[in-house]
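*Asks:* Sequence:
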Amino acid sequence: MAQIQAIKGFADLFPEDSALFLRMEQAAREVFPRYAFGELRTPLLEYTDLFRRSIGTETDVVQKEMYTFADSKERSMTLRPEATAGVMRAYIEHGVHAREAVSKFFTIGPMFRHERPQKGRMRQFHQINCECLGPREAEADAEIICMLMEFLGRLNLGDITLQINSLGCPNCRPAYRKILRDWLESLDPAGLCEDCRRRMETNPLRVLDCKVPTCRENTARAPVMLEHQCPECSAHLDTVLRHLRAQGVSFEINHRLVRGLDYYTRTTFEVVSGSIGAQGSVAGGGRYDGLISSLGGPDVPGIGFACGMERLALLMREDGEHFLSRPDFYLASLDDSCRDAAFELAQILRGAGLGGTLAFETRSMKSAMRQADKSRARFALILGPDELAAGTVAVRNMENGEQRAVSRAEAAGALKA
RNA sequence: GCGGAAGUAGCUCAGUUGGCAGAGCACCUGGUUGUGGCCCAGGGGGCCGAGAGUUCAAGUCUCUUCUUUCGCCCCA
100 MAQIQAIKGF ADLFPEDSAL FLRMEQAARE VFPRYAFGEL RTPLLEYTDL
150 FRRSIGTETD VVQKEMYTFA DSKERSMTLR PEATAGVMRA YIEHGVHARE
200 AVSKFFTIGP MFRHERPQKG RMRQFHQINC ECLGPREAEA DAEIICMLME
250 FLGRLNLGDI TLQINSLGCP NCRPAYRKIL RDWLESLDPA GLCEDCRRRM
300 ETNPLRVLDC KVPTCRENTA RAPVMLEHQC PECSAHLDTV LRHLRAQGVS
350 FEINHRLVRG LDYYTRTTFE VVSGSIGAQG SVAGGGRYDG LISSLGGPDV
400 PGIGFACGME RLALLMREDG EHFLSRPDFY LASLDDSCRD AAFELAQILR
450 GAGLGGTLAF ETRSMKSAMR QADKSRARFA LILGPDELAA GTVAVRNMEN
500 GEQRAVSRAE AAGALKA
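With the numbering used here, the residue at position 362 of the first sequence is 461, and numbering never jumps.
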């Protein structure tokens, strides 16, 4: 215990790793604004009540996964376990609905859940989150899904699948819930796992989502949600799917797709990958028409999604590409007398927009070249007594080995050419 | 919260029935005047995750603990 260590489930991202995150953020900031989404940054810390009321007190997230503690005035605070709640709070608190009929926000940042860490799951993890508030129309669903797929498409993720389902609305879901529960109760209980027998009572929809193979077999012919929805919900989903087909966005209907958070209604979707182990869900979202009013805000519907950046990073890494950019130069002095001039030259180059390393110690030629090679710089710049006297610097192209003396005043231009 | 596996050099890992702490890669320095990658030579690097115990002797055996990892659960 002498060594100070990072907290379990909290990771350090070195430049090779953060380069992937940077690339995701850049893709998000390019794609989302074209759909009129603007970035909203909300606090990492909120009053615990916000999450209890939005995510649902019965969920695992609220019951056992939140980082909750009291501040000096004994108020219960929680590190955000997801982004939607904070966005909703900000939306309501600032009366945004009164200013505009449709609000579109994205947010990027860390979330915190006290779970057992494993592949693709950290206690501090990062999400890219989008919320579209205001429209009730199916076009909003189709648009945000198209946007998500366009965003993911920029990331070179390999095989991913978009799955869609509809959970119905408060008018038709209770009836389906009852039909499903009755059907489940007619089964031989021995065919279901312990969890499912419990879920049958508390949350029958979750039984469909069980991963135990025998449960899946035995519920294969369960009543299908989509066949028991009201005409409005059916029409809504049809419109969403029609637009996706027209846009060439491929998807599959997953009758078992049930989301974990209580506030979802109608359209739900998830993007999954088979190649990163058990935590294969890369993005997920859906419509939450009752959430804002249940938090004390106006009766404004919404739809949104979240993607897990650590999981995206796992998929991006597989194409083995270099995400770090190459420096322009590596500049070394061969003698102590040259170091002042080297420092000046490095600053001139940086002032001209070039990037690279200045070797602080005087190095031998061999060592300087080895360092230049290792830095992956495009050019090695060498400053020795000869160059110092002549007002030049030796510029070596590391790709082809071509080398020439260039006046120090013109070095920046030579590197750019 | 529940299971399985693993912690030895910066990284990947050897280490026999308990008996001097190792390799490869990486790093540094050289291989005669100031030139990288390949090759060769040399060098720096270790509380063997931590703490107890057994023993003349523990990297090795026992227990505890921490961490990592793969699953379950849940979720992005």
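Keep in mind the hints are simulated off the structure, nothing from the lab.
Beta carbons: idealized from backbone N, C-alpha and C, even for Gly.
Worth double-checking, as some hints may not be accurate.
[Stated by the list, open to error] DSS-like cross-link-like pairs, simulated, lysine-lysine; straight-line CA separation at most 30 Å:
no.	residue 1	residue 2
1	K218	K277
2	K310	K277
3	K277	K107
4	K172	K277
5	K473	K515
6	K515	K465
7	K172	K107
8	K163	K277
9	K310	K172
10	K218	K172
11	K310	K218
[As the list claims (entries may be wrong)] Label pairs and their computed distance ranges (CB to CB):
no.	residue 1	residue 2	range
12	Q104	K277	48 to 58 Å
13	D116	G450	29 to 39 Å
14	R469	Y134	15 to 25 Å
15	D116	R344	32 to 42 Å
*Asks:* Which hints, by number, does the structure contradict?
*Replies:* 1, 3, 4, 9, 10, 14
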